[in-house]
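Protein sequence lines correspond, in order, to chains L and S. At position 191 of the first sequence the residue is numbered 191 (the numbering used here), and the sequence of numbers has no breaks. Offset between the second sequence (1-based) and the numbering used here: plus 279.
Source of the hints: derived by calculation from the structure; they are not laboratory data. Any given hint might turn out to be false.
Just a few of them, taken from the derived set where beta-carbon distance is under 10 Å, the chain L residues facing chain S [said to hold, decoys possible]:
hint, residue
1, 17
2, 19
3, 47
4, 50
5, 52
6, 65
7, 85
8, 93
Below, computed lysine-lysine pairings styled on PhoX-like, alpha-carbon distance capped at 25 Å [to be verified]:
hint, chain 1, residue 1, chain 2, residue 2
9, S, 439, L, 51
10, S, 486, L, 37
11, S, 486, L, 51
12, S, 496, L, 51
13, S, 496, L, 7
14, L, 7, S, 439
15, L, 37, S, 496
16, L, 7, S, 486
17, L, 194, L, 263
Don't be surprised by glycine CBs; every beta carbon is placed ideally from N, CA and C.
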Amino acid sequence: MTCTFSKELLALHVENDLLETDVRCVAKHLQECAECKGFLDGLSHRQSQLKVLRREAISQSSLTRMRRGVLSQIENSPQTLGWSVRIERVLWLGFRHPAVILSSLAIAVVSATLFAQMRQPRLQDAAAASKGAAVFADNNTLIRPGGYREWISVGSSVGSEIPEPHGVSNAPAGLSHNVYMDRTAYRTFSRTGKFPEGAVLILETSGMAGKQPIALQASVKDGRFDGGWGFFNFTSADGTIKDLAESVAGKNHCRTCHEERAKTDHVFTQFHPALKTAT
Amino acid sequence: MKGIELMESGANNSDIIQGTLSMVRMPGEDISPETAEIAQIVRLVLAGDTTSFEHIITRYERRVMNIAMRILGCHDDAHDAAQEVFLRVFRYLHRLDLEKPIEPWLMRMTVNVCRDLGRKKRQHPSTSLEHTSSEAITNSPADDPYTGLAEEQQRQMLWKALACLSENERVAIVLRDVEGLSTAEVAAILQAPEVTVRSRISRGRLKLKEIVDQLSKGSINGGAL
Numbered sequence: 001m002t003c004t005f006s007k008e009l010l011a012l013h014v015e016n017d018l019l020e021t022d023v024r025c026v027a028k029h030l031q032e033c034a035e036c037k038g039f040l041d042g043l044s045h046r047q048s049q050l051k052v053l054r055r056e057a058i059s060q061s062s063l064t065r066m067r068r069g070v071l072s073q074i075e076n077s078p079q080t081l082g083w084s085v086r087i088e089r090v091l092w093l094g095f096r097h098p099a100v101i102l103s104s105l106a107i108a109v110v111s112a113t114l115f116a117q118m119r120q121p122r123l124q125d126a127a128a129a130s131k132g133a134a135v136f137a138d139n140n141t142l143i144r145p146g147g148y149r150e151w152i153s154v155g156s157s158v159g160s161e162i163p164e165p166h167g168v169s170n171a172p173a174g175l176s177h178n179v180y181m182d183r184t185a186y187r188t189f190s191r192t193g194k195f196p197e198g199a200v201l202i203l204e205t206s207g208m209a210g211k212q213p214i215a216l217q218a219s220v221k222d223g224r225f226d227g228g229w230g231f232f233n234f235t236s237a238d239g240t241i242k243d244l245a246e247s248v249a250g251k252n253h254c255r256t257c258h259e260e261r262a263k264t265d266h267v268f269t270q271f272h273p274a275l276k277t278a279t
Numbered sequence: 280m281k282g283i284e285l286m287e288s289g290a291n292n293s294d295i296i297q298g299t300l301s302m303v304r305m306p307g308e309d310i311s312p313e314t315a316e317i318a319q320i321v322r323l324v325l326a327g328d329t330t331s332f333e334h335i336i337t338r339y340e341r342r343v344m345n346i347a348m349r350i351l352g353c354h355d356d357a358h359d360a361a362q363e364v365f366l367r368v369f370r371y372l373h374r375l376d377l378e379k380p381i382e383p384w385l386m387r388m389t390v391n392v393c394r395d396l397g398r399k400k401r402q403h404p405s406t407s408l409e410h411t412s413s414e415a416i417t418n419s420p421a422d423d424p425y426t427g428l429a430e431e432q433q434r435q436m437l438w439k440a441l442a443c444l445s446e447n448e449r450v451a452i453v454l455r456d457v458e459g460l461s462t463a464e465v466a467a468i469l470q471a472p473e474v475t476v477r478s479r480i481s482r483g484r485l486k487l488k489e490i491v492d493q494l495s496k497g498s499i500n501g502g503a504l
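Just chain L, with the same shape it has in the complex:
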């Protein structure tokens, strides 16, 4: 063929598949070009031949055989629907009903809440463990450690050589002082000779009578406080032991004394045999 007009357009024109925008263009060209008109007639003839195939049909016996095959597979093989398809079907059909959607949402919310609640204590435990024995009620308030008497007893003394405010006003004679250190911090100190972040030391002052302490102070290694240590006094003015204690602020008596007189990083390791031998 010598005419360069698009044969693709003619192939669409033969069955009226052209877009409206192309119809006029093709019709105009066909009026002028006998060659393309002849090509189109040939195409049209082949298209009519193609429709002969529509007369072919599958025999009824063949269809019946196919149908029986399908039905026997469905009936005889329970595995026709695999587990994944069964689950998909339940979800697919279930989500067509608003009640199922709402129930699923409710279950999801309840599960998420329960999961969050179960996870919360673990988080607190983890935080406590990572922070050592120091648990703060807020940034500045330390919660009195409950089981400090089970910690490592690093030193004790009898007498009143430790100055106020470790003692109490009008302190009776025969006071004893015990210093406890949390086990994790002690292990680290034993290994490295340095107090880890979160290390807690408790100074408990007891009288001769009674098992309850008459004074309780704590120092916590914490970078948020001046000098890297926070000091807390759980002893109230009336002599009772509080559950919470705010850090003693400013360049106070505690810090001054500990900075100037303690041998190792604000801690009187020189008086505590367990800490002396640990290093």
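Chain L is fixed; fit chain S onto it per the hints.
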């Protein structure tokens, strides 16, 4: 319903095609009685009444087998494809949108199964993609035996030519020119843009003409292609 009644009453294939075409609902139309009836059957099957599934097979088996036959060009493959189509339909019946006609979904599944089967055959070529006529296929008989012979030769040539097309072109030609669907319907079944479908149809028709022309010349000259 129209298409199915025609099939059961033994109407010729052109009528069947026109009848079934009327069931292919375009978007925006109301739900047809056919769709409502199928929806009812589907609900029964999903509720566990597997025997109701036979109604679905009976309604669409001829259409599915014909399309598979025309795409694959081999009766045995078409039989296997149709079985696989209906097993997949049974397996994934829950995915059917009951407010839409089942036919486009079924046609899409048929085309996909045929493609899968064609791919397997290309990987393990035990038989060629060539039309195999058997007692399973019936043709409308011609009154004149010479005309009948010519028609049979013509059919064989067309099957050979169809087998020479690429898979995409063959599927587009079968759906558009043999099955008689519109380009929009073919595009919906193939989930392809209409412009792509037009392009495949156009290329397919030109190739088909060229191949049949060559085969005709070879046949007249007594040679073989």
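Hints versus structure:
With its C-beta approaching chain S no nearer than about 6 Å, residue 17(L) sits inside the 10 Å limit, and its interface hint holds. Of the supplied interface hints, the one on residue 19(L) holds, with its beta-carbon coming within about 8 Å of a beta-carbon of chain S, less than 10 Å. A cut of 10 Å between beta carbons decides the hint on residue 47(L): the least distance to chain S is about 6 Å, and the hint holds. Hint on residue 50(L) holds. Least Cβ distance to chain S is approximately 5 Å, under the 10 Å limit.
Below 10 Å, beta-carbon pairs count as interface contacts, and residue 52(L) has one with chain S at about 6 Å; its hint therefore holds. At about 7 Å, the closest approach between the beta carbon of residue 65(L) and any beta carbon in chain S falls short of 10 Å, and the interface hint on this residue holds. At its closest, the beta carbon of residue 85(L) sits 6 Å from a beta carbon of chain S; the interface hint therefore holds under the 10 Å criterion. Because the smallest distance between the Cβ of residue 93(L) and any Cβ of chain S comes to about 6 Å, under 10 Å, the interface hint for this residue holds.
Restraint check for residue 439(S) and residue 51(L): satisfied, since their Cα atoms lie roughly 15 Å apart, inside the 25 Å limit. A hinted pair counts as satisfied when its Cα atoms are at most 25 Å apart, and residue 486(S) with residue 37(L) qualifies at roughly 18 Å. Distance hint between residue 486(S) and residue 51(L) is fulfilled; the C-alpha atoms sit about 16 Å from each other, no more than 25 Å. For a cut-off of 25 Å, the pair hint linking residue 496(S) to residue 51(L) stands: about 21 Å separates their Cα positions.
For the hint pairing residue 496(S) with residue 7(L), the CA-to-CA distance comes to about 21 Å; that is within 25 Å, so the pair holds. The suggested pairing of residue 7(L) with residue 439(S) holds, with an alpha-carbon distance near 22 Å, which does not exceed 25 Å. Among the hinted pairs, residue 37(L) with residue 496(S) is consistent with the structure: their alpha-carbon atoms are about 21 Å apart, no more than 25 Å. At roughly 11 Å between alpha-carbon atoms, residue 7(L) and residue 486(S) fall within 25 Å of each other, so this suggested pair holds.
Pair hint residue 194(L) plus residue 263(L) holds up; C-alpha atoms about 12 Å apart against a cutoff of 25 Å.
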